[in-house]
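Protein chains in written order, with my numbering: chain A, 1 to 172; chain B, 1001 to 1625.
What the hints contain is simulated information worked out from the structure, not anything from laboratory work.
Worth double-checking, as some hints may not be accurate.
So, partial list: chain A residues that the calculated Cβ filter (under 8 Å) puts toward chain B [unchecked claim]:
#1 Ile11
#2 Ile20
#3 Gly127
#4 Gly129
This structure is a prediction, so every number in the text was calculated from the model and none was measured.
Note that beta-carbon positions come from the ideal geometry of N, C-alpha and C, so glycine has one too.
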Amino acid sequence: MKLKIIPIILIIFFSIIFIIFFKGLQKTSIYTPDENFEKNVPSFTAKVIKTGVENSSEQLFSGDQFYLMNIWASWCAPCRAEHNFLMKLKVNENLKIIGLNYKDKEKNALNFLKELKNPYDKILVDGDGTIAIDWGAYGVPESFLIHNKKIIKKIIGPIDENLYLDIERLIK
Amino acid sequence: MPSLIGSYSLFFGLGCSIFIIFFSIKNFKNSSSFDSKILSFSLLQLLFVIVSFIGLILSFIISDFSNETVFNHSHTTKPLFYKISGTWGNHEGSLLLWLLVLTLFISIFLLNTKNLLKNYRILTLLYQQIIIIGFFIFIIKTSNPFNYIYPEPDEGLGLNPILQDPALAIHPPILYLGYVGSSIIFSSALAAMSLNWVSKEWAKHIKKWILTSWIFLTFGILLGSIWAYYELGWGGFWFWDPVENVSLMPWLALTTLFHCVLVLEKKSILTSWVIILSITTFTLSMCGTFLVRSGILNSVHTFANDPERGVFILIFLFSLIFLALFIFFFFYKVENKKINSFFWLSKETAILVNNWFMMYFLSVVLIGTIYPIFLDVISSQQISVGPPFYHKLIVPFLIPFLLAMAIGPNLNWIKSDLKNKFYLFLFLLISLVLSSLIIINLKIDFLINTVLISSAFYLFFITTRDFIVHRFQNLAQNVSHFGFSLFILSVLFNNIFSSEIITNLKVGETFKTKDVTIFFEKITKKKEQNFDAITGKFSITNSKNIEQILNPELRIYNQPNIVTSEADIKINLLSDKFMTMNLVQNQNYFNIRYQHKPFMIWIWASIFIISFGGLISIFKRRHET
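Chain A on its own, in the form it takes in the complex:
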């Protein structure tokens, strides 16, 4: 009798652990680090693509609508993946999308936009990648949602369906 109870207890025990781990997987484990919350937009100046007009960060984010600062490059494959979502976001009137073209050739960048359409209200050039460092970016693509000159959300990697819905919810 004793021998039968132990296996049953063990099986139940491991099954419970299994269920808990399984449930744990459904939860997202990416906690946004606190330091990225409500951080001020770094100050910088950058040239606009093609025209070469200098723009400072003060001017850029002065409006009271939301801004999405998107770091991208034509050579970056995941940028292609997120492009559709940027196009969808473009429809929102209270959101301006600013692109930061990262370590890219102007010609390639423009071709990229010609091919996939341009979601950006303004495109800045970051040829040597120094502006991206100011933003604390890890790589491309990366996006920052900005309101009142504060970064309210940082997205590392491409925007996907869930992140897209998040942004839509935040700017409502």
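Once you have looked at the hints, place chain B on chain A.
Coordinates of chain B only, in the frame set by chain A:
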């Protein structure tokens, strides 16, 4: 091209499994001698996996960005060495390495066991094949390292710069040898159970595998720890990070296991312990893979957060656990219950006592690691378990643990007495006096420290005496236990005497305390292949007016754009001087962290000594007495 060959090779490798299983089952029932076809197919499978792995390495070397893994983790400006080490510095590649080691080990196993029971070899192979097939499917289905992207990007995304480091380049392969070595122990324990062959002979044979895995695991952890010390810039070497814990747990299980195997080999007792620990060790290794790879935990080691992968490993892991349980309860018969009695004062009792302590440490680490997950699921609360938890629960129990470790080896098997053991008490007295003197002189009056240091000294003295008195009779055990006492002593003194200064400095400024003066002389800029370096020059003058120059560095990597801070460490026998600097955004000063850390080198050396003991044990012919 290499990518394509690698990809096909992977499928062929999986195909081999079918033949291996077919011939094994046929051979298991019918013939009396081992079918050489099985061995040939195992070697063929190994060959395919090697080809596949080399294919991936080549793709990295030639920067073939049409391969998604290469694109995500490499860059043309990366030095060749890190292009190669980048192969296993990511989720897909590291799994391929797992598979490589799995197939390599089973081939070595087959080649090495020619004179053992035929059916035992076949069954071990079959159980191992279950694991191998699981990994093949996992790799092909959810983490194929040979995914193709089109159009081919011109440039890759680069390897995380903190991973671009020599220690970290070899840390994963070494650690995997340890992890995967435990798979052989698992399979062979299942096979031995199925055939009811858990015996002295089996113990003697599996002991080598246990020791080998243990040595690799120890080294792997050591390397990771050294890397964390100088690269992460906090000056610590163990952070109780979930992923570190995940490697510590199999280590604890494995350490316990080989002590048990020694007893099994000698006395034919503790069989259930050996079996359960064999299963536990591998389960913990797999569990580690699950926790790290599924993204259920958040840490530096989390390569990818893909729930599909998590679900796969989880189901796979629990299938193996249930398989093991099934075999344990249906095939394994505990024989000879009568010998399972222990005299209170004997070597096996000492080992058993310390086994229980090890199990206790293991449970503490296990609970600390997975409890946050449970809590999150059950109540949606997020907590993080930090060092105080582990310190409070583990440190007090180290005291009896150390004492038993010192006394145990000096007892006899079966039954011992305290005649001629006067020195055991003498040394205890000496240790107590010595550590009290140290503690009183340095005005650190914690009772627990005194007792802990005494017990560490006790082990230290006893093992030193054993070297002399027993004339290298028990060399392996002696060396390892001696190393462990050294380890505990260094960690304790390191903890008690470390000091730290954190301040902000501009170039040309000086920071003064009672003992030390830090002068920030200048910074220089330099361009390297894939990063720009800013090096600071600091002169440190101590109270005895001895000056030393430290050059911490900031590296701004080009791809991906990450700033890392490289510590400068001046090492000598007694202490390390450790310095890092960090950029403060939009300010013209740097954040400086200067640490004085005594006995750091002894921590590394002692772990080295511990594993060296294991090495001696493998190559030693004579039995332990």
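Do the hints match the structure? See the list:
1. Ile11: holds, 7 Å
2. Ile20: holds, 5 Å
3. Gly127: Since the shortest Cβ distance to chain B is 12 Å, the answer is violated.
4. Gly129: holds, 5 Å
Comparing the model with each numbered hint stated earlier shows that hint 3 is the single one that does not hold.
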